[in-house]
Amino acid sequence: MLIAIVLITIVVILIFVGVGIYNGLVGARNQTKNAWAQIDVQLKRRHDLIPNLVETVKGYMEHERGTLEAVTQARNLAQSLANAPVADRAKAEGELGVALSRLLAVAENYPTLKANENFLALQEELASTENKIGFSRQFYNDCVLKYNNMTQMFPSNIIASMGGFHAGEFFEVKVEAEREAPKVSFAKPGNK
Amino acid sequence: MWEQIRENQVRSAALIVTMGILLLLIGAVIGYVFLGSWEAGLIMAVIIWLIMNLVALFQGDSIMLAMSNAKKIGPDDHPRLYNVVEEMKIASGLEKMPDIYIIDDPAMNAFATGRDPEHASLAVTSGLLNKMSRDELQGVVGHEIGHIKNRDIRLMMLASILLGAIVMLAWYATRIGLFGGFGGRRSSGRGGGIVAIIVIIVGLLLMILAPIMAQVMYFAISRRREYLADASSALYTRYPEGLASALEKLANGDTKVRAANKATAPSYIANPYYRGATGTGGDLFATHPPLADRIRILRAMGGASYRDYEQAYKSAKNESIIGKGALALAGDEKVAIRPPSPSEDKLDVQQQIDRVRETSGALWKLHNYKSFNCGNCGAGLKLPPGFKGNKVRCPHCGTVNQV
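Chains as they are written, first to last, in the numbering used here: chain E, 1 to 192; chain D, 1 to 403.
What the hints contain is simulated information worked out from the structure, not anything from laboratory work.
These numbers come from a predicted model, not from an experiment.
Hints should not be assumed to be uniformly reliable.
To be verified - Derived pair list, reagent style DSS-like, types lysine-lysine, alpha-carbon separation capped at 25 Å: (1) D:Lys334 / D:Lys324; (2) D:Lys334 / D:Lys314; (3) E:Lys33 / D:Lys96; (4) D:Lys382 / E:Lys146; (5) D:Lys314 / D:Lys72; (6) D:Lys131 / D:Lys249; (7) E:Lys114 / D:Lys256; (8) D:Lys365 / D:Lys131; (9) D:Lys334 / E:Lys33; (10) D:Lys96 / E:Lys44; (11) D:Lys72 / D:Lys370; (12) E:Lys114 / D:Lys365; (13) D:Lys382 / D:Lys365; (14) E:Lys146 / D:Lys334; (15) D:Lys71 / D:Lys314; (16) D:Lys334 / D:Lys365; (17) E:Lys146 / E:Lys33; (18) D:Lys317 / D:Lys334; (19) D:Lys71 / D:Lys370; (20) E:Lys146 / D:Lys96; (21) E:Lys114 / D:Lys131; (22) D:Lys72 / D:Lys96; (23) E:Lys146 / E:Lys114; (24) D:Lys391 / D:Lys334; (25) E:Lys33 / E:Lys44; (26) E:Lys114 / E:Lys58; (27) D:Lys71 / D:Lys382; (28) D:Lys317 / D:Lys249; (29) D:Lys72 / D:Lys256; (30) E:Lys146 / D:Lys324.
Taking the hints into account, I'd like the entire structure generated from these sequences.
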């Protein structure tokens with residue numbers, strides 16, 4: 001009788017612990033998905049900012065029509081590829097980043113433009129959006145790291161293998177994430 | 001990210017429980033001495049504690065923000081601050097954007113408040129906004145978001161309520177005891193002789209020692225939490241030097257916030273009481289660890305992970321700060337420190353002026369001043385909230401502007 005009670009108690013405790021770990025794993029996996037979505041949000045935000053930037057800058061930079069058109073084109077291409085395979089998207093976003101940094105570098109040569117409040121505000125927004133892309137990528141990688149560690153650590157690895165939580169799948173996504181948002185440095189003039 | 005730094009949670013919880021037992025002890029002794037029953041005292045202590053808890057839970061953050069004279073801002077009021085907070089919100093994986101406040105005070109300081117991450121607020125002084133570079137501001141905001149993410153605010157609230165209740169009970173008990181005489185128990189005539197005397201002596205000692213013990217414990221929790229928030233900031237920003245150099249500015253500058261008081265002091269990033277809050281040694285009654293120690297640890301970090309902070313802390317203090325669970329989750333992966341943001345350190349005079357204007361402009365706006373630019377010379381003009389007229393002469397060039 002006593003043995004039966006002890007056994008039942010142990011089983012119940014084990015079930016509770018197991019459910020707790022399972023929920024933890026699900027939570028960690030969902031967190032990686034949410035983190036992935038955050039990157040998308042920030043990339044879209046960058047697309048939205050660009051028409052405004054081009055509109056503001058146009059009047060001041062008569063002689064830089066080529067640079068401006070390159071930015072607009074890169075932006076339109078990146079936007080049209082929003083649902084394309086990740087590799088294509090990454091390439092388009094990378095080109096947009098390069099075109100943007102070129103434009104902002106050229107802008108340094110126009111003192112009147114740099115005094116424009118609108119432009120200053122946009123510059124802050126763009127710089128911050130770049131940071132946010134970087135930070136959402138960083139958070140995504142942190143999440144994947146935590147999730148992978150959970151699937152490999154004892155005792156959560158037992159539940160993970162039973163419940164079909166695979167670290168490997170996400171490692172691939174992690175590599176994609178790194179290609180997704182290329183590092184854009186807001187270069188100083190003459191430093192392309 | 002690794003939100004539950006669990007071992008620390010346990011350690012802090014143990015301290016809280018000890019404080020709770022202290023409170024109950026005091027209640028029981030007061031009950032025994034003045035009312036003739038342990039239980040009455042216990043119940044009284046619990047009721048006082050519950051009321052204080054309820055008030056703090058639902059009003060704590062707004063009381064603190066009101067006491068600090070803080071003004072809430074939106075994305076357009078101060079874009080730089082708003083963006084930096086949003087960046088740190090993303091980096092930490094916080095689900096809801098905290099409310100942001102600016103305190104109009106030339107001193108440099110910041111604090112976070114709110115009962116949980118869904119109801120969190122963060123306040124920064126205008127002095128800090130004016131004097132910190134973007135990387136430094138990011139470090140400070142990362143530290144505050146760390147407090148929110150690690151759920152320090154609720155813990156400190158719990159601790160400060162217990163402390164408050166203990167101090168209050170002890171204070172009233174000693175006053176009543178001194179002036180009314182410890183006669184309540186004796187005049188009830190139930191005897192007990194030597195037991196009653198022992199209880200009274202123990203009670204007196206308790207009244208004197210309990211508030212001191214509670215304070216020491218409270219400050220111990222507070223200091224630990226500061227180190228942990230520093231570790232979080234380094235992880236979120238991937239740039240420990242940002243916070244280190246911000247703390248250096250705090251150490252050399254003025255952190256004395258006019259609106260701060262004893263109750264709100266531990267929430268600030270640096271002690272808001274002392275000018276040049278450098279502080280030395282491990283003072284038992286310090287709410288904050290010495291800034292010099294915090295800076296040294298941040299600068300000794302080889303990477304930006306919790307493991308790196310743990311190592312740096314260990315070599316400085318010879319003890320552990322981050323729990324094993326959090327370290328295991330962090331794994332052995334190397335977390336590299338990012339390079340500093342370009343050109344931030346060498347702001348020219350015009351940029352510095354712009355930065356101060358940005359902040360003061362936000363404050364004017366928050367006080368309901370209308371602002372517009374003169375049609376002729378472009379000077380920024382501000383109209384007080386009660387302004388009724390429709391014409392304003394520009395003090396700069398004399399042009400009369402239509403409003």
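Consistency of the hints with the structure:
For the given pair, Lys334 (chain D) sits about 17 Å from Lys324 (chain D) by alpha-carbon distance, which is consistent with the 25 Å threshold. With a C-alpha separation of about 18 Å, the suggested pair Lys334 (chain D) and Lys314 (chain D) falls inside the 25 Å cut-off, and the hint holds. Proximity of Lys33 (chain E) to Lys96 (chain D) is assessed by CA-CA distance (about 17 Å); at most 25 Å being required, the pair is judged to hold. Under the criterion of a C-alpha separation no larger than 25 Å, the hint pairing Lys382 (chain D) with Lys146 (chain E) is inconsistent with the structure, at around 51 Å.
The hinted pair formed by Lys314 (chain D) and Lys72 (chain D) fails the criterion: a straight-line CA distance of about 39 Å is larger than 25 Å. Restraint check: the Cα-Cα separation between Lys131 (chain D) and Lys249 (chain D) comes to about 8 Å, which is no more than 25 Å; the hinted pair holds. The straight-line distance between the Cα atoms of Lys114 (chain E) and Lys256 (chain D) is roughly 36 Å, outside the 25 Å bound, and the hint therefore fails. Of the pairs offered as hints, the one joining Lys365 (chain D) and Lys131 (chain D) holds, with about 20 Å between alpha carbons and a cut-off of 25 Å not exceeded.
For the hint linking Lys334 (chain D) to Lys33 (chain E), the alpha-carbon distance of about 23 Å falls within 25 Å, and the restraint holds. At roughly 20 Å between alpha-carbon atoms, Lys96 (chain D) and Lys44 (chain E) fall within 25 Å of each other, so this suggested pair holds. With a C-alpha separation of about 17 Å, the suggested pairing of Lys72 (chain D) with Lys370 (chain D) holds against the 25 Å cut-off. Distance check on the hinted pair: Lys114 (chain E) and Lys365 (chain D) sit about 24 Å apart at the alpha-carbon level, within 25 Å; holds.
For the hint linking Lys382 (chain D) to Lys365 (chain D), the alpha-carbon distance of about 9 Å falls within 25 Å, and the restraint holds. Annotation: proposed proximity of Lys146 (chain E) to Lys334 (chain D) holds, straight-line Cα distance about 13 Å (limit 25 Å). Simply put, Lys71 (chain D) and Lys314 (chain D) have alpha-carbon atoms about 40 Å apart, too far for the 25 Å limit, and the pair is violated. Proposed proximity of Lys334 (chain D) and Lys365 (chain D) is contradicted: the alpha carbons are some 45 Å apart, above 25 Å.
For the proposed pair Lys146 (chain E) and Lys33 (chain E), the alpha carbon gap of about 13 Å is at most 25 Å, so the pair holds. For the given pair, Lys317 (chain D) sits about 23 Å from Lys334 (chain D) by alpha-carbon distance, which is consistent with the 25 Å threshold. Between Lys71 (chain D) and Lys370 (chain D), the direct Cα distance comes to roughly 16 Å. Compliance with the 25 Å bound is thereby established for this hinted pair. Between Lys146 (chain E) and Lys96 (chain D) the CA atoms are separated by roughly 21 Å; this keeps the pair inside 25 Å, and the hint holds.
A hinted pair counts as satisfied when its Cα atoms are at most 25 Å apart, and Lys114 (chain E) with Lys131 (chain D) qualifies at roughly 22 Å. Note on Lys72 (chain D) and Lys96 (chain D): the hinted pairing holds, with a Cα-Cα distance of about 16 Å set against a maximum of 25 Å. Proposed proximity of Lys146 (chain E) and Lys114 (chain E) is contradicted: the alpha carbons are some 43 Å apart, above 25 Å. Of the supplied pair hints, the one linking Lys391 (chain D) and Lys334 (chain D) is violated, its CA atoms being roughly 63 Å apart against a limit of 25 Å.
At most 25 Å may separate the alpha-carbon atoms for a hinted pair to count; Lys33 (chain E) and Lys44 (chain E) meet this at roughly 17 Å. With a C-alpha separation of about 13 Å, the suggested pairing of Lys114 (chain E) with Lys58 (chain E) holds against the 25 Å cut-off. With a C-alpha separation of about 18 Å, the suggested pair Lys71 (chain D) and Lys382 (chain D) falls inside the 25 Å cut-off, and the hint holds. Proximity of Lys317 (chain D) to Lys249 (chain D) is assessed by CA-CA distance (about 23 Å); at most 25 Å being required, the pair is judged to hold.
As the CA atoms of Lys72 (chain D) and Lys256 (chain D) are separated by approximately 21 Å, the hinted pair is consistent with the 25 Å bound. Restraint check for Lys146 (chain E) and Lys324 (chain D): the C-alpha separation of about 14 Å stays at or below 25 Å, so the hint holds.
Violated hints for the displayed structure, listed by number in ascending order: 4, 5, 7, 15, 16, 23, 24.
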